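A.B. asks: Sequence:
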Amino acid sequence: MKNLLLFSTILLTAASAFAQLSVKPNGVADSYVYVKNQVLYVTSDINLTRNSTANNTEASIYLRENGQLIQGGTTSTNSGSGQLSAQQNSPETNAYAYYYWCSPVGYPGTTIAPQPAGNPWAGVINIYEAQPSLGLTAARPSLTTTNREGLILPRMTISTRWLYTFKTPGTETEGNYQRINANTAVPAGYGFTMKGLGLIVPGADQVYEFRGRPNNGNFKIPVAEPVITLPNPLPISQMTLAGNPYPSALDLNQLFYETGNEELAALWYYDEDRTVASHNYSQKPFGYGIWIPDSQDSDLDFKDNFPTGTYTKAPFYIYNAGGVGGGSTTGDGGNDQNKRYAPIGQGIMFVGGYFNIVAPFSDGFVNIRNSQRIFVKEDNVTTGGSVFQRPDTDENNDLETENNAAGGPTLSSSAEISRDKRTSGMRLWVVFDNAVTRDMVLNFSNLATDGYDRGMDGASPQDLKTDAYFPVGNDNSRMPYVISAINYDDNKQVPIAFKLDKQTQIELRVMEEVKKPYKHAYLFDSQENTYKALSSTDAARVSLTLPAGKYENRFFIVFRSPFIKKDAPLAEVERTEIVQKSVNFFQNNPQHQLEVSNPEGYKLKSASVYDMSGKLVLSESNLGDNNKYSFYTGNLSDGVYLVKLMTSDNIAIDYKAIVHN
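Under my numbering, the first residue of the sequence shown carries the number 4, and numbering increases by one thereafter.
Derived by calculation from the structure, the hints in this document are not laboratory data.
Keep in mind it's a predicted model, so treat the numbers as computed, not measured.
We treat Cβ as the ideally placed atom computed from N, Cα and C, and that holds for glycine.
A couple of the hints might just be wrong.
Stated by the list, open to error - Distance windows between CB atoms, simulated:
id, residue 1, residue 2, range
1, Gln496, Ser47, 55 to 61 Å
2, Asn625, Asn449, 43 to 49 Å
3, Pro135, Thr548, 30 to 36 Å
4, Asn625, Gln596, 16 to 22 Å
5, Met649, Lys495, 31 to 37 Å
6, Asn664, Lys631, 21 to 27 Å
7, Ser609, Gln508, 17 to 23 Å
8, Asn283, Ala185, 20 to 26 Å
As the list claims (entries may be wrong) - With a straight-line Cα cutoff of 30 Å, these simulated DSSO-like cross-link-like pairs (lysine-lysine) come out:
id, residue 1, residue 2
9, Lys519, Lys495
10, Lys519, Lys505
11, Lys631, Lys608
12, Lys505, Lys424
13, Lys424, Lys518
14, Lys584, Lys522
15, Lys505, Lys647
16, Lys553, Lys584
17, Lys647, Lys618
18, Lys424, Lys519
19, Lys306, Lys287
20, Lys584, Lys495
21, Lys522, Lys468
22, Lys287, Lys424
23, Lys631, Lys522
24, Lys468, Lys39
25, Lys380, Lys553
26, Lys584, Lys519
27, Lys505, Lys608
28, Lys584, Lys647
29, Lys468, Lys424
30, Lys306, Lys380
31, Lys39, Lys27
Generate coordinates for the entire structure from the input sequences, incorporating the hints supplied.
C.D. replies: Set out below in structure tokens:
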């Protein structure tokens, strides 16, 4: 057996020498290239001849432990019957769990059109089961079943009932998915859905090995403008399932800002509660995380992960009143939200924007090009495997102000996010009935406007019946967004809207503030003329209870309050004074009640009334954050009483009431 092994010392000096690469058996002996933790660069085409299966070296090129293949040029055509082998793993796999994939290889001999020559279509036939006990290059083709559940044992068996493409732009409607069964029916560049294997086992993952002819060249993916689908009166974005078609990482900032891709508005990542053992989606919460790149990377250092972009997680994450996750934690990703570099095998929904506004001469296609490929390693390489769509199970979901990066599941290869590289902004969680949480981000940039800004505003998938969003755009193209950027001014009022299908308790929590330009933030209710403080402290978590309906012009995020001086400092002593001054009392003797005004909605945990001898005559607890309270005093003797309120963060507010009955 003849092996061509590329170790790092050889590869660093030899990679640039490959103008073309041909790998074929030397007579009866197998030949292959083994690339470990390095990049193999070929400036032109590759020709591969398949080895035999006798020595577990059937493939011609093996990419292992972050090994990647990058090809240059735009017209080169790969050929031959040989295979490239690339591995990717899906953590928390089970027979009920969907992941979105994009194959880095095709099956030689299948239909080529409409994609570039040399890139055959793919299917489940390209997926192998690694056999590490037999060697680093050993694998066998996966089996298939028409049953609902795939199997891990006795060997990898993939259910074909859940293999679908989404090649024509559309909304999340079942009829827009095209079933592919066991056929090679996925054109290069398009993504496909596939469910996992086996029973639900926490922490278990599954390695999938893709084998086939490596994809190369440029790909065109169709996208379409938002549409109105009644009875929903809001325009909803249309999507196409694509992804990273290469056996290397893909820089999504370069893809997004590529000339000719102006119709691309956002990238959506599918996620779901993978702890639910059901195929029924009425029992299985799911949704889309949204990523936008922020500004264009213009410093030509495409590996520095700046700008990082902004990601909001899928809204199915279950949140409870105790401040920690209940149910599944797969919707919350802890400290790593990096999505800029898509890894090998990653499937992504490409979302179209308004062509007549941002792309008046659009051809309706997004171009994926060789020039966007990049060698960036993935997370968790020390474990010997890639990380694909990893739902980070960070136990501390209550993020501290400016101490942690933003939440979101890891989907892409990572370079460390430096705090000073993150976009200035506020991450807001809107929690409905102590259950489903909508993750929203308001960013601040000198490049942003108050209207729609491509690359800075991320449209909502509208995957909740009860939801929150930023209404952005002019009257003829106003849409709901979960990521919005503005040019900061402390006099601005940023609208935040709610659509509720029933009476709902809403809680707003500021989960993160990054390089914030403001000293204070408030939720302004224009109907009630109230200002409730928004910050990361427990005392400033805003609670609302609203009947069913749509609220688009009532609530605003503002940065000034008439009750607090503009430049009020944030030190603890001054904060205590601010709280004390903003809460007002009135002893209404004709009505026999003590009236308390709490216009900024500070959360009160207790109210106590003492007579002048120190005897407790009235006590209430867990008062919440209402704007007004009243306490009956008609049963008290005439005299002076000491009233003491205590906020949830232990700020005491005192008042002397003169009761005269």
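A.B. asks: With reference to the structure, classify each hint as holding or not holding.
C.D. replies: Against the structure, the hints come out as follows:
Evaluation of the 55 to 61 Å hint for Gln496 and Ser47 yields a pass: the beta carbon distance comes to about 57 Å. A C-beta distance of roughly 44 Å is found between Asn625 and Asn449, which places it inside the suggested range of 43 to 49 Å. Between Pro135 and Thr548 the beta carbons are some 56 Å apart, a value that contradicts the proposed interval 30 to 36 Å. At roughly 20 Å, the beta carbons of Asn625 and Gln596 sit within the given window of 16 to 22 Å.
For Met649 paired with Lys495, a C-beta distance near 34 Å keeps the hint of 31 to 37 Å intact. Taking the beta carbon of each, Asn664 and Lys631 are about 22 Å apart, inside 21 to 27 Å as hinted. Restraint check, Ser609 to Gln508: a C-beta distance of roughly 22 Å satisfies the suggested window 17 to 23 Å. Between Asn283 and Ala185 the beta carbons are some 24 Å apart, a value that agrees with the proposed interval 20 to 26 Å.
The straight-line distance between the Cα atoms of Lys519 and Lys495 is roughly 15 Å, inside the 30 Å bound, and the hint therefore holds. This hinted pair does not check out: Lys519 and Lys505 have alpha carbons roughly 34 Å apart, beyond 30 Å. Among the hinted pairs, Lys631 with Lys608 is consistent with the structure: their alpha-carbon atoms are about 14 Å apart, no more than 30 Å. Our distance criterion of 30 Å between C-alpha atoms is broken by Lys505 and Lys424, whose separation comes to about 41 Å.
This hinted pair checks out: Lys424 and Lys518 have alpha carbons roughly 10 Å apart, not beyond 30 Å. Using a Cα cut-off of 30 Å, the hinted pair Lys584 and Lys522 holds, with the two alpha carbons roughly 18 Å apart. At roughly 37 Å between alpha-carbon atoms, Lys505 and Lys647 are farther apart than 30 Å, so this suggested pair is violated. For the hint pairing Lys553 with Lys584, the CA-to-CA distance comes to about 34 Å; that exceeds 30 Å, so the pair is violated.
Only pairs whose Cα atoms come within 30 Å are accepted, and Lys647 paired with Lys618 is accepted, the gap being roughly 13 Å. With a C-alpha separation of about 13 Å, the suggested pair Lys424 and Lys519 falls inside the 30 Å cut-off, and the hint holds. For the suggested pair Lys306 and Lys287, the alpha carbons sit about 37 Å apart, so the restraint of at most 30 Å is broken. For the given pair, Lys584 sits about 24 Å from Lys495 by alpha-carbon distance, which is consistent with the 30 Å threshold.
Using a Cα cut-off of 30 Å, the hinted pair Lys522 and Lys468 is violated, with the two alpha carbons roughly 34 Å apart. The suggested pairing of Lys287 with Lys424 is violated, with an alpha-carbon distance near 36 Å, which exceeds 30 Å. With a C-alpha separation of about 26 Å, the suggested pairing of Lys631 with Lys522 holds against the 30 Å cut-off. With a C-alpha separation of about 47 Å, the suggested pairing of Lys468 with Lys39 is violated against the 30 Å cut-off.
Using a Cα cut-off of 30 Å, the hinted pair Lys380 and Lys553 is violated, with the two alpha carbons roughly 45 Å apart. For the proposed pair Lys584 and Lys519, the alpha carbon gap of about 25 Å is at most 30 Å, so the pair holds. Distance restraint check for Lys505 and Lys608: the Cα-Cα separation of roughly 28 Å lies within the 30 Å cut-off, and the hinted pair is therefore satisfied. Taking the CA atoms of Lys584 and Lys647, the gap is about 14 Å. The hint holds against a cut of 30 Å.
Annotation: proposed proximity of Lys468 to Lys424 is violated, straight-line Cα distance about 35 Å (limit 30 Å). Pair hint Lys306 plus Lys380 holds up; C-alpha atoms about 10 Å apart against a cutoff of 30 Å. Straight-line distance between C-alpha atoms of Lys39 and Lys27 comes to about 20 Å, which keeps the hinted pair within the 30 Å bound.
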